[in-house]
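Enquirer: Given next are the chains, with one letter for each unit.
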Amino acid sequence: MMNYSPEHAPPPKGAAITAHDLTVVRGPRTVLRSLDFALPKGRITGLLGPSGCGKTTLMRAVVGTQAKVTGTLEVLGHPAGAAALRPRIGYVTQAPSIYSDLTVRQNLDYFASVLQPGRDHREARHDAVTRAIADVDLTSHESALAGTLSGGQRSRAFLAVALLGTPELLVLDEPTVGLDPVLRRDLWNLFHTLADRGATLLISSHVMDEAERCHRLLLMRGGEILAEDTPDALRSRTHSATVEEAFLHLVDDANSRQETPR
Amino acid sequence: MNASRTLATAARVLTQLRHDRRTIALLLLIPVVMITLLHFVFDASPQTFDSIGASLLGIFPLITMFLVTSIATLRERTSGTLERLLAMPLAKADLIAGYALAFGALAVVQSALATGFSLWLLDLDVVGSPWLLLLIALLDALLGTALGLFVSAFAASEFQAVQFMPAVIFPQLLLCGLFTPRDTMQPVLEAISNVLPMSYAVDGMNEVLRHTDITVTFIRDATIVATCALLVLTLGAATLRRRTA
Chain A
1 MMNYSPEHAP
11 PPKGAAITAH
21 DLTVVRGPRT
31 VLRSLDFALP
41 KGRITGLLGP
51 SGCGKTTLMR
61 AVVGTQAKVT
71 GTLEVLGHPA
81 GAAALRPRIG
91 YVTQAPSIYS
101 DLTVRQNLDY
111 FASVLQPGRD
121 HREARHDAVT
131 RAIADVDLTS
141 HESALAGTLS
151 GGQRSRAFLA
161 VALLGTPELL
171 VLDEPTVGLD
181 PVLRRDLWNL
191 FHTLADRGAT
201 LLISSHVMDE
211 AERCHRLLLM
221 RGGEILAEDT
231 PDALRSRTHS
241 ATVEEAFLHL
251 VDDANSRQET
261 PR
Chain B
1 MNASRTLATA
11 ARVLTQLRHD
21 RRTIALLLLI
31 PVVMITLLHF
41 VFDASPQTFD
51 SIGASLLGIF
61 PLITMFLVTS
71 IATLRERTSG
81 TLERLLAMPL
91 AKADLIAGYA
101 LAFGALAVVQ
111 SALATGFSLW
121 LLDLDVVGSP
131 WLLLLIALLD
141 ALLGTALGLF
151 VSAFAASEFQ
161 AVQFMPAVIF
171 PQLLLCGLFT
181 PRDTMQPVLE
191 AISNVLPMSY
201 AVDGMNEVLR
211 HTDITVTFIR
221 DATIVATCAL
231 LVLTLGAATL
241 RRRTA
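Chains as they are written, first to last, in this note's numbering: chain A, 1 to 262; chain B, 1 to 245.
If we strip away everything but chain A, and leave its shape as in the complex, we get (with noise of 0.2 Å):
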């Protein structure tokens, strides 16, 4: 897995996403600080940190399910939220959202007749959930009930509803928690699949080897984001061997500073 190349194709021309200034206070906390980046389209961006850093509320923030976001957010030319961005992102959130009292395919049927409607699409909805189940390679428990799989496959049925209508914006909260290491090959595989088809992917992860994998990254810490760059720039940067080490250097850099009086 390390010799994989995320550099291998050119990124098409800008950004998907954009923030600027952006700031969302949850009760007494302030729990992102005015943060400003950008992420380019057709790529994968790792957003990583430590468990409580905001990494789930940016996420919310960029499908439009998180309330008091000031400043600005731009996703896919239109500001964060926006009706027309529904049918365009698809979203995995931590806990799978799927109805357990459903078997897999019943799930994705409503999903899908959700994002396509109609009698006219019933063919083309039935080809997107067949499809999906195979991405998420659950097509042998396509008949089971949701509530019987297991954690890694339920998170799996969860994803195959955000493939669904091949959405141009994929925000992906720590998809592969839980999984086994081959399964989590294969899907990171998929996510390159989907990226080399043109989709943006945003996906969190608190697990630093994962990020190799990743085009771009974005390191947060307490709410701020403590870098944002390619995982090759962030190693040679720090002189680190692993995004992990880079990782730790920058926190220990950003400790110092704030250690340090003015």
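Any given hint might turn out to be false.
[To be verified] Under 7 Å between C-beta atoms, here's a sample of chain B residues computed to sit facing chain A:
hint : residue
1    : 8
2    : 12
3    : 19
4    : 83
5    : 245
[Said to hold, decoys possible] Across the chosen pairs, the derived CB separations fall in these ranges:
hint : chain 1 : residue 1 : chain 2 : residue 2 : range
6    : A       : 259       : B       : 165       : 54 to 60 Å
7    : A       : 87        : B       : 24        : 14 to 20 Å
8    : A       : 87        : B       : 156       : 27 to 33 Å
9    : B       : 131       : A       : 87        : 41 to 47 Å
10   : A       : 134       : B       : 156       : 37 to 43 Å
11   : B       : 120       : A       : 166       : 42 to 48 Å
12   : B       : 36        : A       : 78        : 58 to 64 Å
13   : B       : 121       : A       : 166       : 55 to 61 Å
14   : A       : 193       : B       : 29        : 50 to 56 Å
15   : B       : 188       : A       : 26        : 54 to 60 Å
[As the list claims (entries may be wrong)] Examples of chain B residues toward chain A, derived with CB under 8 Å:
hint : residue
16   : 2
17   : 4
18   : 15
19   : 235
20   : 239
21   : 242
22   : 243
These are computed hints drawn from the structure, not numbers from a lab.
This structure is a prediction, so every number in the text was calculated from the model and none was measured.
Yeah, the Cβ is synthetic: ideal placement off N, Cα and C, and Gly gets one too.
With chain A's structure known, arrange chain B on it following the hints.
Expert: Just chain B now, with coordinates in the frame of chain A:
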């Protein structure tokens, strides 16, 4: 709003129920068993059975649909599927109408069973058309669905959701005229009962019980129950938020 999405939602809710045979059995059988019990409780006074039995035929769908909907929508909220759906191109009205349609269909089966059983096997003596009884029962079911949907927004857990049943339903049950005619109550209570929708559900049932034709009062009662259901459904829609903290 989109008819296909609404129908897809209703079909999905019914498919979920189909996987839960015990709930369906309980929903359909309990009203029949209760009305049979009531028949024998008032063994000596069939007239009392007529009036209470007819009222109960309207109250059952309200209570069961209230419970089913409040738990179902609470599960939709806590499991994250609601957030997921609202991030998709689904109108809130599609979701709510889908639920109302699915549970309305279930209520029709439930009421038809209980009404048919009471009329033909328990000799419930109703002067008016059984179809009018069914109509009121359906409107009551919609009202129950609407109320359940609305209170589920204020319940953080199933425990709380179930507690809303005595809080929302019991006062209406006491004041609706089931136990004693509303105009004999203490005037303040009578005034309160005048603004509670269940009172009109029971009044409507009593109209069918006593009159062969559709009376003006029946139309008024049915309209009030239907309007209340729509109003509360709209309030319920307002509690569905696409953006949450």
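Enquirer: Where does the structure disagree with the numbered hints, that is, which hint numbers, in rising order?
Expert: Failing hints, ascending: 7, 11, 15, 19 and 20.
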